[in-house]
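Chemist: Which chain is which? The protein sequence lines are A and B, in order.
Quick note: to get my numbering, add 5 to the position in the first sequence (first position is 1).
Quick note: to get my numbering, add 10 to the position in the second sequence (first position is 1).
Simulated from the structure, these hints should not be mistaken for lab results.
Glycine included, C-beta positions come from ideal geometry on N, C-alpha and C.
Take the hints with a grain of salt, since some may be wrong.
Derived list of chain A stretches under chain B, where covered just means 3 residues or more per stretch with a C-beta under 8 Å from a C-beta of chain B [what the hints assert, rightly or not]:
| no. | segment |
| --- | --- |
| 1 | 187–193 |
| 2 | 201–213 |
Restricting the straight-line Cα-Cα distance to at most 30 Å, the calculated cross-link-like pairs of lysine-lysine (DSBU-like) are [said to hold, decoys possible]:
| no. | chain 1 | residue 1 | chain 2 | residue 2 |
| --- | --- | --- | --- | --- |
| 3 | B | 152 | B | 114 |
| 4 | B | 152 | B | 134 |
| 5 | B | 152 | A | 309 |
| 6 | B | 114 | A | 112 |
| 7 | B | 134 | B | 114 |
Estimated spans, in silico, between C-beta atoms of each pair [unchecked claim]:
| no. | chain 1 | residue 1 | chain 2 | residue 2 | range |
| --- | --- | --- | --- | --- | --- |
| 8 | B | 189 | A | 282 | 53 to 63 Å |
| 9 | B | 161 | A | 95 | 42 to 52 Å |
| 10 | B | 254 | A | 110 | 43 to 53 Å |
| 11 | A | 18 | B | 120 | 54 to 64 Å |
| 12 | A | 110 | B | 99 | 26 to 36 Å |
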Amino acid sequence: MTREHGIALLILAALVLAIPSIVTDSYVMTLMIFSGINAIAAIGLCILMGSAGQVSLGQAGFYGIGAYASSVLSQSFGLPVPACMAGAAIVSALAAVILAVPSLRLKGHYLAVATLGFGEIVYIVLNEFGPGGPSGFGDIPPLSFAGVAITEPAHVAWTVWGFLLLVLVFSLNLLNARPGRALRALHGSETACSAMGLDIVRLKIKVFVLSAVYASIAGSLYAHYVTFISPSSFSFFHSVLLLMMVVLGGITTVWGGVIGAVIITLLPETLKSFEELDVLAYGLILTLSLLFLRRGIVPIVIDKFRSSERGHA
Amino acid sequence: MLDIRNITKVFGGLRALDDVSFSVPAQSVSALIGPNGAGKTTMMNIISGMFPPDEGSVSFNQDVISGLAPAAIARRGLSRTFQHLELFGEMTVLENVLVGRYIKSRSGFVASGLRLPSVRAEEKENRERSLDILASIGLAEKREERAANLPLGEQRILEIGRALATEPTLLLLDEPAAGLNIRETRDLGEMIVRLNADRGITILLVEHDMDLVMRISTAITVLNFGQKIASGKPSDIQRNPDVIAAYLGDEEPPC
Numbered sequence: 006m007t008r009e010h011g012i013a014l015l016i017l018a019a020l021v022l023a024i025p026s027i028v029t030d031s032y033v034m035t036l037m038i039f040s041g042i043n044a045i046a047a048i049g050l051c052i053l054m055g056s057a058g059q060v061s062l063g064q065a066g067f068y069g070i071g072a073y074a075s076s077v078l079s080q081s082f083g084l085p086v087p088a089c090m091a092g093a094a095i096v097s098a099l100a101a102v103i104l105a106v107p108s109l110r111l112k113g114h115y116l117a118v119a120t121l122g123f124g125e126i127v128y129i130v131l132n133e134f135g136p137g138g139p140s141g142f143g144d145i146p147p148l149s150f151a152g153v154a155i156t157e158p159a160h161v162a163w164t165v166w167g168f169l170l171l172v173l174v175f176s177l178n179l180l181n182a183r184p185g186r187a188l189r190a191l192h193g194s195e196t197a198c199s200a201m202g203l204d205i206v207r208l209k210i211k212v213f214v215l216s217a218v219y220a221s222i223a224g225s226l227y228a229h230y231v232t233f234i235s236p237s238s239f240s241f242f243h244s245v246l247l248l249m250m251v252v253l254g255g256i257t258t259v260w261g262g263v264i265g266a267v268i269i270t271l272l273p274e275t276l277k278s279f280e281e282l283d284v285l286a287y288g289l290i291l292t293l294s295l296l297f298l299r300r301g302i303v304p305i306v307i308d309k310f311r312s313s314e315r316g317h318a
Numbered sequence: 011m012l013d014i015r016n017i018t019k020v021f022g023g024l025r026a027l028d029d030v031s032f033s034v035p036a037q038s039v040s041a042l043i044g045p046n047g048a049g050k051t052t053m054m055n056i057i058s059g060m061f062p063p064d065e066g067s068v069s070f071n072q073d074v075i076s077g078l079a080p081a082a083i084a085r086r087g088l089s090r091t092f093q094h095l096e097l098f099g100e101m102t103v104l105e106n107v108l109v110g111r112y113i114k115s116r117s118g119f120v121a122s123g124l125r126l127p128s129v130r131a132e133e134k135e136n137r138e139r140s141l142d143i144l145a146s147i148g149l150a151e152k153r154e155e156r157a158a159n160l161p162l163g164e165q166r167i168l169e170i171g172r173a174l175a176t177e178p179t180l181l182l183l184d185e186p187a188a189g190l191n192i193r194e195t196r197d198l199g200e201m202i203v204r205l206n207a208d209r210g211i212t213i214l215l216v217e218h219d220m221d222l223v224m225r226i227s228t229a230i231t232v233l234n235f236g237q238k239i240a241s242g243k244p245s246d247i248q249r250n251p252d253v254i255a256a257y258l259g260d261e262e263p264p265c
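Pulled out of the complex, with its shape left as it was, chain A reads as follows (with noise of 0.2 Å):
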């Protein structure tokens, strides 16, 4: 991890403590918890897309195994919230494994078009065979760490942002390290990198996996939230979702998916006062920076630091 890194996370980590004295209202928490949820799917997209060069249109299926299995690990087995998360990790990485052996093994965009089918019946199934079926059930164990429930809104915020923190650190680690060189590697010369005698499907298969269990804490962390699920907050509508949080916050660094999740997630709010009009206003700023901000705000934004520090000096 390089010390711009740290200092960002270290920024990132106070505000983090400090979220309960800057919002108070308890909308805009409800909003902040979101964000944090989005962003840790957001952030696996990110490393796929920038590193492996691939796409997956089927994160929100991932998402969705976060969410189902983790509520039914804790509503029918009893068992304790951070257990039922990690089953549902393990659950989510065998179902990336799967999908991911057949489709890496081909060049092109297999996977994309293997995780937009994946993602379809990942929803009918939850749809057909989900406790609740279309209407999704309730009474979902809130999150808890060590027998503590933790229902305040804050403290929820604290831990969303929490496990996102760990999951920068693990991501920054692992892009700094043997790896993460390998991933950014495969995206500048794949010629290269098998002279270098590096395993190009494995390494592809892994960040899918690496992907997928993000995409699954995310969605663990959020049934424990809300306590009540259905299927339609797993469609392919929010896969594309976090396609666009990253798109948008740039896929060259972990940093463009955190920014990208809390201006989708925003977005809409920010929108209210065009009433009607904000699904207009939200797709004409959608559109409007992927034809001028291509790379991704991040990436830009530190260009233009950089630039500026070097004038100066």
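Fit chain B to the supplied structure of chain A, relying on the hints for placement.
Modeler: Just chain B, lined up with the frame of chain A:
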């Protein structure tokens, strides 16, 4: 060390390589030369596993390697550079070399994410070895620069550094002097000789710069239109009438 036997490769109707055999003795600086389109780069790609030969075989240390994936060949100790540079442009000079250390280290996803003590120790060792390599090729001061920002000459050198990081016993250099000026080419020649003498790395070189080839090689194979037309010591090659004809053209009656 490397045995090329009866290699044939056909692209469409073109016989890019036609029943070519030669070998690279251990510890040698061997060169593969020939006019444009002679099939040199095709041969490099076949040796490194980028594509399989239609006929014939490549053996490395007595094992047949033709048909293996490039990564599997690299892991056996055969590394290469590219005529059209394939650096990781967005990564730093040091990181490029560190990627070369991949097959010589083990840290996995989970251990790296958690930054376990074993990972730290391995990272430290990889860093030291990579910095040593950068020092030996004269790029130590540019270690934090983005690879894409280096001038062409240094990019070529960095490709060699990255290949060295995999600790190869045989190094394939695909036109390492292309685009370099006279001084850079001379430095490159000295470096290749040093790698061969100090590290005991066997070199197989594809090169257009005849001066460089004649100065540093111990054995030369000449290709023309996909066929081997000569092989031997530099002094023999320089006198070989077939080679001279291939490079300068046959005497033809004036029209």
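Chemist: Give a verdict on every hint.
Modeler: Okay, the hints, checked on the actual structure:
1. With a cut-off of 8 Å between beta carbons, the segment 187–193 of chain A has 5 residues touching chain B; three or more are needed, and the interface restraint holds.
2. Coverage of the segment 201–213 of chain A by chain B holds. Counting CB-CB distances below 8 Å, 6 residues qualify, and the rule asks for three or more.
3. Of the pairs offered as hints, the one joining residue 152(B) and residue 114(B) holds, with about 23 Å between alpha carbons and a cut-off of 30 Å not exceeded.
4. Of the pairs offered as hints, the one joining residue 152(B) and residue 134(B) holds, with about 19 Å between alpha carbons and a cut-off of 30 Å not exceeded.
5. At roughly 23 Å between alpha-carbon atoms, residue 152(B) and residue 309(A) fall within 30 Å of each other, so this suggested pair holds.
6. For a cut-off of 30 Å, the pair hint linking residue 114(B) to residue 112(A) stands: about 27 Å separates their Cα positions.
7. Proximity of residue 134(B) to residue 114(B) is assessed by CA-CA distance (about 13 Å); at most 30 Å being required, the pair is judged to hold.
8. The given range of 53 to 63 Å is respected by residue 189(B) and residue 282(A), whose C-beta atoms sit roughly 57 Å from each other.
9. A hinted range of 42 to 52 Å holds for the C-beta pair residue 161(B) and residue 95(A), which are about 50 Å apart.
10. For the hinted restraint 43 to 53 Å between residue 254(B) and residue 110(A), the CB-CB distance of approximately 50 Å keeps it satisfied.
11. For residue 18(A) and residue 120(B), the hinted distance range of 54 to 64 Å is not satisfied, since their beta carbons lie about 23 Å from each other.
12. Checked against the hint of 26 to 36 Å, the C-beta distance between residue 110(A) and residue 99(B) comes to roughly 27 Å, which is consistent with it.
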